[in-house]
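Can you make the complete structure from the sequences, with help from the hints?
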Amino acid sequence: QTRSLLGVFEEDAAAISNYINQLFQAMHRIYDAQNELSAATHLTSKLLKEYEKQRFPLGGDDEVMTSTLQQFAKVIDEASTCILLSTQLADAMMFPITQFKERDLKEILTLKEVFQIASNDHDAAITRYSRLSKRRENEKIKAEVTEDVYTSRKKQHQTMMHYFCALNTLQYKKKIAMLEPLLGYMQAQISFFKMGSENLTEQLEEFLTNIGTSVQNVRREMECEVENMQQTIEDLEVASDPLYLPDPDPTKFPVHRNLTRKAGYLNARNKTGLVSSSWERQFYFTQGGNLMSQARGDVAGGLVMDIDNCSVMAVDCEDRRYCFQITSFDGKKSSILQAESKKDYEEWICTINNISKQIYLSENPEEIAARVNQTALEAVTPSPSFQQRHESMRPTMQSRPPAARTSSTGSLGSESAALSALSLDSLVAPDTPIQFDIISPVSEDLPGQAKSSGQSGRRTNPFGESGGSKSETEDSILHQLFIVRFLGSMEVKSDESPDVVYETMRQILAARAIHNVFRMTESHLVVTCDCLKLIDPQTQVTRLRFPLPNVVLYATHQENKRLFGFVLRTSGGRVESRQTSICYIFESNNEGEKICDSVGLAKQIAFHAELDRKASEKQKEIDRVKEKQQKELNKQKQIEKDLEEQSRLIAASSRSNQSSGEGQFVVLSSSQSEDSDLGEDGKKKRESE
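In full-length UniProt numbering, the protein residues as written are 1 to 689.
You can take every hint at face value.
Keeping only pairs whose Cα atoms sit at most 25 Å apart, straight-line, the calculated PhoX-like set for lysine-lysine is: (1) Lys628 / Lys614; (2) Lys142 / Lys155; (3) Lys343 / Lys262; (4) Lys74 / Lys175; (5) Lys262 / Lys342.
In short, the hints are calculated from the structure, not lab data.
Below is the structure:
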C-alpha cells in the first residue's frame with residue numbers, strides 16, 4: 001500500500017512538473033519578447049483555462065483553483081495587447097516560478113534518487129544478513145552485518161520520511177508557484193500601465209487582494225503542516241528504533257501464533273540448474289486460501305500456490321537460517337522460502353497451518369471431492385477460443401459502495417442500489433468452496449422426496465436420472481430446451497434478493513480468472529412444470545434434476561444477458577439440522593432472459609396446477625364427508641325401522657297371549673311332555689325350532 005501510494009505521489013509530482021514547465025515557458029516568452037507579448041499572454045490564458053482538464057492524482061480543491069484561474073484567464077485576455085516592462089516581469093513573475101522550478105522540483109528529484117540509493121543499500125544489507133551461516137557463527141561478522149542492516153534501514157526510513165514530507169509540501173508549493181507569478185503579472189500590469197477605472201475596476205482590485213490573502217493563508221497552512229510532519233517524523237524515529245534490527249527482541253515483540261492472514265518479504269529459492277539455485281526477495285501475502293507474491297514494480301500480485309490442505313515444515317537449506325517448505329496437498333508443487341527473522345519464520349508457519357486447518361475442518365467429503373475436481377480442471381491448458389470467449393463474457397467491474405468489502409481482487413458484475421445496504425458476508429456463506437464441475441446431488445435431495453421415491457418402488461440413479469422422468473416429461477404441459485454451459489455453484493446465506501445471484505456470478509468468474517479455469521461443461525437445460533433438468537447432449541442421461549418448488553430465486557445478469565443463475569433450497573449441507581441454499585451459475589447463447597421467463601412461466605403453471613389439485617382434493621373430501629353422513633343417516637333409519645317392526649311384533653304377541661292363556665298352557669305342557677319323550681336330542685331340536 002505504501003509503494004502504491006508513493007507511486008501516486010510521484011505521478012502527481014511529474015504532472016505538476018510538466019504543467020509548471022509549460023506555464024514557465026509561456027511566461028518566459030512574455031519576458032523574452034515584447035513583440036510576442038500578445039500571443040504569449042493568450043497562450044498563458046489558454047493554459048489557465050485548460051487547468052480543469054488536467055487530471056492530478058491528488059486533486060484537492062480543484063474547483064476553487066479552477067474558478068480562480070478562469071477569472072485570471074479572463075482578465076489576462078483583456079490585457080493581452082499591453083506591453084510589459086522586462087524588469088517588473090523578471091521580479092514579480094519570472095522569479096517565483098523559476099525558483100520553484102529550479103529549487104523545489106530539483107529537490108524532489110534529488111530526494112527520489114537518495115531514497116532509491118538508500119533502498120538499494122538496505123536490500124544489499126538484508127542480503128548479506130540473510131547469508132549468515134548458522135553453523136559457523138562469527139559474532140564479529142554478525143555484529144558488523146547487524147549494524148549495517150540497522151544503519152541502512154534507519155537511513156532508508158529517514159530518507160523515505162523526508163521524501164514523503166517533500167511530496168506533501170509540493171501540493172502547497174504548487175499552488176504558490178502558480179498563483180504568485182500570476183499575482184505579480186497582474187501587479188506589473190497595474191503599476192506600468194496605471195490602469196484606472198476604465199480597465200481595472202475596484203472589483204478587480206478586490207479580487208486580487210483576496211487572491212493575495214489566499215496565497216498567504218496557503219503559505220501559513222503549509223508551514224503548520226510542515227511542523228506537524230516534522231514532529232511526526234521525530235516520533236516515528238523514536239518508536240521505530242527497535243524495528244530497525246533484522247531480528248527484534250522476542251520479549252518486546254512476541255510471536256503471534258493464531259494469525260490467519262500474513263504479509264511480508266521472503267526470500268524464495270529458484271533452481272537455476274541441476275545443483276545450483278538462486279534466491280529472490282519478493283513480497284508475499286495470503287489471500288483467500290492462496291499464497292500470493294508481488295515483485296517490486298509489479299502492479300498486482302500473482303498466485304504462487306493454493307495452500308488449502310497443504311503441508312508446511314521447517315527445512316535446512318543451503319546453510320541458511322529460518323527456511324521452511326510449503327507443499328501442496330497433492331504433492332506436485334512445493335516452494336522453499338526464507339524468512340527475515342525467527343519471529344516471521346514462526347508466524348509464517350503458524351499462519352499457513354491455521355489457514356490449512358481452518359479450511360480442512362470446514363469441508364465435508366463432497367466438498368473435498370469438488371476441490372480435487374477443481375484442481376484437475378486447473379491442470380488443463382485452455383484453448384485461445386475458450387479463453388477469449390470467457391474474457392468477453394466477463395462483466396465489467398464497477399465501483400463498490402464504501403460499506404462493501406473491496407474484494408479482491410477484484411470484483412465483477414454490475415451492482416444494484418440494494419447491494420449498497422448489504423454486506424457481502426450476508427449474501428454468500430464464508431469459507432464456501434466453489435464447484436467448477438457438475439457433481440451428483442446425492443445430499444441435495446429432500447428427505448421426504450427420498451422416502452416417497454423409496455416407497456413407490458422407483459429406482460434412484462446416483463447421477464440424477466430417474467425411471468419415471470420420461471413419463472413426467474410427457475405429462476408436463478411445458479417442455480422447453482436450452483443449451484447452457486455450467487460455470488460453477490456455491491452455497492449462499494440468503495435467497496431473498498437477486499443480488500445473491502449477482503454476487504455469486506462475480507465470485508465464480510473471479511475464481512475462474514485467478515485459477516485459469518476456462519473449460520465449461522455443456523448441457524441441455526430442460527424446463528418443465530415439475531423440475532429443471534440438465535441432460536448430457538451425447539448420452540441423453542440426466543446429470544442433475546432440480547425440483548421446481550425448491551427453485552426459490554432466479555435472475556440474469558444486468559449487463560451480460562448470457563449469464564443467468566438460480567438458487568436451489570435443499571435440506572442438509574454443512575449443518576444437517578437446517579436448510580441450505582446453493583446458487584448455480586450458467587452461461588447460455590444470449591438466452592438468459594428467455595430461460596428466466598420460461599422458469600417463471602413453469603412456476604406459474606405449477607402454482608395454478610397446485611391450486612387446482614388442492615381445490616379438487618378439497619371437493620373430494622367434502623363429497624366423502626357427505627357420503628359418510630348419508631350412510632350414517634340410512635343406517636339410523638334402518639335401525640329405527642327395525643325397532644318399530646320389533647315393537648309391532650311384541651305388541652301383537654302380547655294380544656295373542658291374553659286371548660288364549662289356558663290353551664297355551666296345555667300346549668306347553670304337551671310340548672314338555674313330548675320333550676320328555678323325545679329325549680335330549682328332541683329338546684335341542686325343539687329349542688332350535
